[in-house]
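Protein chains in written order, with our numbering: chain A, 8 to 398; chain B, -5 to 846.
Since the hints were derived computationally from the structure, they do not count as laboratory data. Here the structure is a predicted model, which means the values were calculated and not measured. Ideal Cβ placement from N, Cα and C applies to all residues, glycine included. Warning: the hint list may mix true and false statements.
Covered, in the sense of this in silico footprint (three residues per stretch, anywhere, with C-beta under 8 Å from a C-beta of chain B), are these stretches of chain A [as the list claims (entries may be wrong)]:
(1) 245 to 254
(2) 263 to 270
Facing chain A, from chain B, some residues (calculated, C-beta under 10 Å) [claimed, not checked]:
(3) Ala78
(4) Arg82
(5) Gln83
(6) Gly84
(7) Asp110
(8) Asp133
(9) Pro138
(10) Ile195
(11) Glu200
From chain A, some residues computed to sit far from chain B (all C-beta separations above 10 Å) [to be verified]:
(12) Arg97
(13) Lys111
(14) Ala124
(15) Arg160
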Amino acid sequence: MNGFYARLASRGCHAGGATLIALFSICAAACSGGDKSTPAAVPHTAPERIGFTYARIDRPLSFPRDYGSHPDYQTEWWYYTGNLEGPSGRHFGYQLTFFRRALKPPAEVAERTVPTAANDIFMGHLALTDVDRGEQYAFERFGRGADPVAGVRSAPHAIWLDDWRVEATDSGSRQLTAGDGPVKINLELRPTKGPIAHGVAGYSRKGPDPEKASHYYSFPRLQTIGTIEVGGSTHAVRGASWMDHEFTSSGLAEDQIGWDWFSIQLDNDVDLMLFHLRTDSGEVDPYSSGSLITADGAVETLDRDRFEIATSGSWLSPRTGAAYPAEWRIRIPDRAIDLQVRPHIPDQELALSFSYWEGAVEVEGSYGSNAVTGNGYAELTGYARSMKGAF
Amino acid sequence: MTGSPSRLRGPLWFRLTTRHLLAHRLQTFLMVAGVALGVAVVISIDIANQSAERAFTMSTQAVTGRATHEITGGSDGVPVSAYAELRRQGIRSIAPVIERLVIPTSGRPLTLLGMDPFAEAPFRPYLESLGPQSSILDDLLTVPGAALLAPDTAAELGVAVGEAFELDIDANRRRLVLVGTPTPARESHRRALTGLVLTDISTAQELTAQPTRFDRVDVLLPSGDETERQRIATLLAPGLSIAAVGAEAGPVREMIQAFQTNLYALSLLALIVGMFLIFNTMTFAVVQRTELIGTLRALGVTRSEIFRGVCAEAAVVGLVGTTIGVVLGISLGRGSVDMVTQTVNDLFYALTVRSVAIPPMSIVKGVVLGLIATVATAAFPAREAAAAQPRTALSRSAMEETAGDLVTRSAAVGGALLLVGTALLLIPSRDLWLAFGGLFAVIVGLAFFAPVATRWLMGACAKPMGRLWGALGAAAPRDVTRSLSRTSTAIAALMLAVSVAIGLRIMIGSFRTTVAVWLDTTLRGDVYLSGKTLGGTAATTPLEEGVLAYLRDLDGVDRVDLVRSTSIDTARGPVQASASSRPYFDDLRLYKELAVDAADVPARLAKGDILVSEPLATRLGLSAGVDRLSLSTVRGERAARIVGVYYDYASTQGQVLLDRSLYSVEFDDDAVTGAALILDDAARSAAVSDRVARELAPIQTLRVRPNRELRREVFEVFDQAFAITRALVILATGVATLGVLSALLALQLERRRDYGMLRALGVTGRQAARHVFMQTGLLGGSATLLAIPTGVLLAVLLIYVINRRAFGWTLHMQLAADPFVAAFALAAIAAAAAALLPAWRMWNSRAAELLR
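Let the hints inform the model, and build the full structure from the sequences given.
Right, dumping it as structure tokens:
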């Protein structure tokens, strides 16, 4: 990616590991505060600037309103990931993400007279992991958040960036279509649970300052059916997807450098969302948390001290030189959950405008006295040290 | 001299040559100067042309970037919805563009380029790095009127980041804010940004008041990806089309190339004049050493050794001259770049880039040309020297005895060249180089008749001069004839230069008169109004309704004629069109061809017939009364009958002239881009023009000019276009002056002893100096006499062959006295300048010195 776009997408980044979301949003505060090498112009875009709304504990989520865009918040993303299988058992992981970033707080947006005028930038990431072939494809695109190119609609829900689209259908499912290069996905996602709110009614705190938080909900399990086209052949696939939607105006706290995030779907219909915020001293931040969603959709919030994520081994990226954990053991002792989590393939690093690891994982272990298996997605940010201070 | 001559010949000849060159510094200087000037002219013109060409490419690339195709929709542009549909269909290598010529409150015009930074990356590589100004993009997208300028352009406008500045965009004054001055890392990218006003596409839409459309959509397709092009074509709404980039720039590029070819050919003429000079001086250098050569031959040096020796000497002279010429050419080139780009700017295209780069190829061309020309020219005297018998070569006058041969042979060569030239000119083709080849052959062929003409003229002069000035008077023409091989080349060189001066002056004069007559027939209004634009291009900005209403109610106005200049689609591609409410059709001088009565033309146009301009008729091969041109109207295709072909010098691409009321229905377009006021009292035009300009200023920024001022502007552009041509004539004359000087010096040196004898017999220094002036006068006079018919012939060829092929314009040849007077003055000045030094030497000479 050339400097122009990297800069426009990133501007204030980043002290503690140039990560996707770091670059795009949450950690911008940390950038402006902590990093001596950050350009002087960054304060301009730091979210501390007056005018954007911060996540608050007393703002409950409401649907369909909150399916849509939140221009009062600086940053927002809609994340779709999933593990799918073809008829012969060929395994695929996919990711389709839309990021929105506001340029100016609503009060500062000047009156414009043409529909192409934009105050939002959209970024899209599309990735496909072809497990049997051991390959991952990743694509990125940007667009102005204006009429001809990109936008979001609450109801009926839709998000689009050029021909990458998510659209609610009449039957209550969501249709995903996206493609680039040799990859094309066309999937129908039917929610079996959710939307469920994380944290306190969707208020997901990320740091000691109450404003260091986001509004966060998920569809933890979407039954998925459709086609995946890769390298000229089309595969009919089915499986399960996970959808996250988060919006915020604040970044990581000053000592936070990145996170390890997991979404796990077990074969006993229980779903797990867990994240560790890592600090620059190598510790796990006390504001790390998670959610356990039972088969009937009930959500139990997991505080930092209720779960453990132990890493073992490492995988060294040949592109960025970053050393990512190669395997995890996740334990929730008070529920007798003990899971071994392994990437479907080691190299699922997305070396796009900024590098992060986002990939399909397989899970096996025990849930109470039962053996369980499952699939999921892991997101590892703040490891690509080579990007540190690059902007 | 002992030992084998062959062992000594290399160093020996070198030593002899060096000694000769050093002993005859003035001659050496003239030879070197001749080569240097010729090479300098060629290089400077080449640099100017290459720079203009590069500027053109970069100017077009700055706006079209790497786009391979573009989607256009005629004068309506491309609707935003059509662009959105393409993106929805997954076509991503497309980028919307709004491009306008805009005019700052002071200074040269700039190009407004509205683009979508997110769609741009593959298109305009110079946008890649906007420097360490990280908030630039936020502001570019969100600040109303936000623009980026290259630092030098910002400095030119005197605006700093964060400050506002004003531009006239589509004749409306708009306020912009400079939000950044990007400085890309690569020099070429920095240059591409110069002269551009970059804005977000939305800002450009606001500035141009077109919220629902773009000017065009750039497309980047892998070369030969016909499938994708087809796919885009089928997705396009009716009225939109996709075409390869360059299709539109084609005619403009062709024109610029024609202009450059003209310049290039003229610069070669200067080199040819230089070659005559080299020939002259080399011949003389050989003649001077006939004794030495005879001695060498007697000592056993072979012919081929003599030949190679003379050629080697020429090569040394050529090398030194070429080196000086390169340095001189580069500095001359810097000056001429301005002239060339200004002309291209005025006549054809707004160049946003005006920097000078020295293309290595220009230097290589100049060097090769200089060396080859010197050695090739020296080959003739070298052969002569080699051909001399050892014994006869010792005789001092041996060389001139071959003069009779020279006259016959050069006349034969001249005749052959004339035949070849005529044959080349008769080949039916629009190729410019072919025409120039023919023209050169004819003109140079005529120059080869200089010896025979000189001998004849001198014979005719001898008697009257003898009667006027006695024995010395009669001797002057005889001296000229006696040294014919040198005097006739000097005459030929001067004649060439003077004839080029005459030919170009006649051509330019005829051009000017033609344009003046044409302006008389077409500029009938007293006051003209249009949107602001550049010199040569028609304004296509519509006048606002308020302006038209104001004009309708204006006192003292007899009539208001309205015109709509635009581009329409035809079966033969997009064509400039002019829809006029009351065109002046009654003047027969306007027409090249007319298929109906002039009086009937308005009625025929109202019925749907059309007129086409001469360049368009030439370009598309259309004739009045025979052909039809199919117009893409809103009601569909209509084959319009062409009733006339009219002269038009405003556009080189040509245009169609239609009836405005019919046009507004057929093309659903009521816009007006220009108005002409016919006043009750024409004497009041200046006052009315001032008043209209003042009173309309709050409504729309327009150019309001009285007839006289408009004409003056036309001629300003015109004279600018020919400035470089005049400069070339002066350079060529300079080279020819050197030629005359060298011929005179040769005569003088050769006749040293004769002059000494005369001085000893009592001829005064003053009389001797007068003798020199007489000889010069004969040379200059003969050259001028010969130059007159040659110059007229050159003018005829330039007007009727070159201009028609290059621009499709018919010029009416005018023979006025001033080109000839000017040419005579030029020759007189050149000859007098050349005579000064030799005459001064004569004046101060002493018999004893000369006789020694």
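*Taking the numbered hints from earlier one at a time, note which ones the structure violates and give those numbers from smallest to largest.*
1, 2, 13, 14
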